[in-house]
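Protein sequence lines correspond, in order, to chains L and V.
Here UniProt numbering is used: position 213 in the first sequence is 213, and no number is missing along the way.
Here UniProt numbering is used: position 26 in the second sequence is 26, and no number is missing along the way.
It should be emphasised that the hints constitute simulated quantities derived from the structure, not laboratory data.
Each residue gets a CB set at the ideal place from its N, CA and C atoms; glycine is no exception.
Do not take every clue at face value.
Said to hold, decoys possible - Selected chain L positions facing chain V (in silico; Cβ < 10 Å): (1) S27; (2) V145; (3) A148; (4) F177; (5) L182; (6) R201; (7) A205.
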Amino acid sequence: MCGTCGCSTTPDSLERLPKEEATETVSVLSNLLSKNNHAAAHNREHLDRAGVLCINLMSSPGAGKTALLEATIDALAGRYRIGVIEGDLETENDAERIRAKGVPAVQISTGTACHLDAHMVHRALHDLTLGDLDILFIENVGNLVCPASFDLGHHLNVTLLSTTEGDDKPAKYPVMFRSTDLMLLTKGDLLAVLDDFQPERAEAALRNLANAAPCLTVSSRDADSLAPWLNWLDARVADLKQGAPLNPVMQPDGALMHAAE
Amino acid sequence: MHELAVCQGLIGEVERVAALNGASEVTSVTVLIGPLSGVEIDLLQNAFPIARAGSVASEAELVVETGDIRVQCTGCGAQGPAAPNKLICSACGDWRVRVVSGDELLLKSVELSRAPASAN
Ligand SMILES: Nc1nc2c(ncn2[C@@H]2O[C@H](COP(=O)(O)OP(=O)(O)OP(=O)(O)O)[C@@H](O)[C@H]2O)c(=O)[nH]1
Ligand SMILES: [Zn+2]
Ligand SMILES: [Zn+2]
Ligand SMILES: [Zn+2]
Ligand SMILES: [Zn+2]
Chain L
1 MCGTCGCSTT
11 PDSLERLPKE
21 EATETVSVLS
31 NLLSKNNHAA
41 AHNREHLDRA
51 GVLCINLMSS
61 PGAGKTALLE
71 ATIDALAGRY
81 RIGVIEGDLE
91 TENDAERIRA
101 KGVPAVQIST
111 GTACHLDAHM
121 VHRALHDLTL
131 GDLDILFIEN
141 VGNLVCPASF
151 DLGHHLNVTL
161 LSTTEGDDKP
171 AKYPVMFRST
181 DLMLLTKGDL
191 LAVLDDFQPE
201 RAEAALRNLA
211 NAAPCLTVSS
221 RDADSLAPWL
231 NWLDARVADL
241 KQGAPLNPVM
251 QPDGALMHAA
261 E
Chain V
1 MHELAVCQGL
11 IGEVERVAAL
21 NGASEVTSVT
31 VLIGPLSGVE
41 IDLLQNAFPI
51 ARAGSVASEA
61 ELVVETGDIR
71 VQCTGCGAQG
81 PAAPNKLICS
91 ACGDWRVRVV
101 SGDELLLKSV
111 ELSRAPASAN
């Protein structure tokens, strides 16, 4: 240690400093979210091992995610054991609405963050008994931008578009809708009074994103309208049971693959 | 605004590369951010000084490259450019295409300086 000021400079290191430093450029090509993606793969292993189908619900605020979960829990009572992870900025309201249905719900308070990430979901997974579940829903933070960038380790993305929002939303939020495995048009009961929302136009906008995902119209206020959605869930539970590899449509990093060519 | 989270992931990768290469300092970081990545480049540039503070890249500049969107038609096989909200084949108009590039979120390269080799 330097006796004068107490810093850790030694006569030896002083001698080394002035020598020229070599600058070089190192090629890397790694995903900026590789840590998140690693945690996501770990989460998916947890879920696969327990045989739990995990669905990530995304939408703008108030599109009807919690209402859809409530109606779905009612409709599937006795058939599947359901759990929910609730991502919310501050309040515990949505988790309480789910618990009122007698279903385990873990709340993730994101504070100021506008999305969930795989590390948050990992902690929540350890607060649930996965062996007691068949389907785990994650209600992501209401936001059509940020959640699309983070793999959580779930199996499938479901994006809700409410009929009150405009049928051109997929064109305005292409990153979100490009990565969806199912588009649900919610609040279908309002279609009768809304003359400017056309489900066909919403579906056409989804196709323009090169996405072949099915597009279903549902209403949480009309149990009968849920049938196609429940059938879709049934089919995905069966896929998982048969060991089909289920992965959300995420970003394949085209350039990374080119680099390897 | 998830660009800060993306920047923190970026700095994590940069620190890993720096440690692997025995770098004393990172002077420049080059990323490739495709138009379909969901990241706003302005917001990323604003978040970078916050994320880099206290890291080996605390003085580094951020260089952002943004590529073009290209799709390959699964019908006619043509490859061509596309817009973010119109990922269709420019030759035949089919929407059954595969995105070849445009969704990258990559750390491309790191410019670093090494302290001259020492015995300790
Ligand atoms: N008419 C009608 N209203 C609905 C339907 N589903 C939800 N709503 C109403 O829409 C509002 C928002 O519903 P939520 O289920 O809380 O929406 P959310 O997406 O969970 O909202 P956040 O968690 O805040 O993003 C509530 O007032 C619901 O009563 C529906 O199918 N039809
Ligand atoms: Zn909700
Ligand atoms: Zn774990
Ligand atoms: Zn955000
Ligand atoms: Zn074509």
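Hints, one by one, checked against the model:
1. S27: Cβ of S27(L) sits 5 Å from chain V, so the hint holds.
2. V145: 7 Å, holds
3. A148: Where the cut-off is 10 Å and the nearest Cβ of chain V is about 5 Å from A148(L), the hint holds.
4. F177: 9 Å, holds
5. L182: Since the shortest Cβ distance to chain V is 17 Å, the answer is violated.
6. R201: Status violated, d = 13 Å.
7. A205: Interface hint status for A205(L): holds (8 Å vs cutoff 10 Å).
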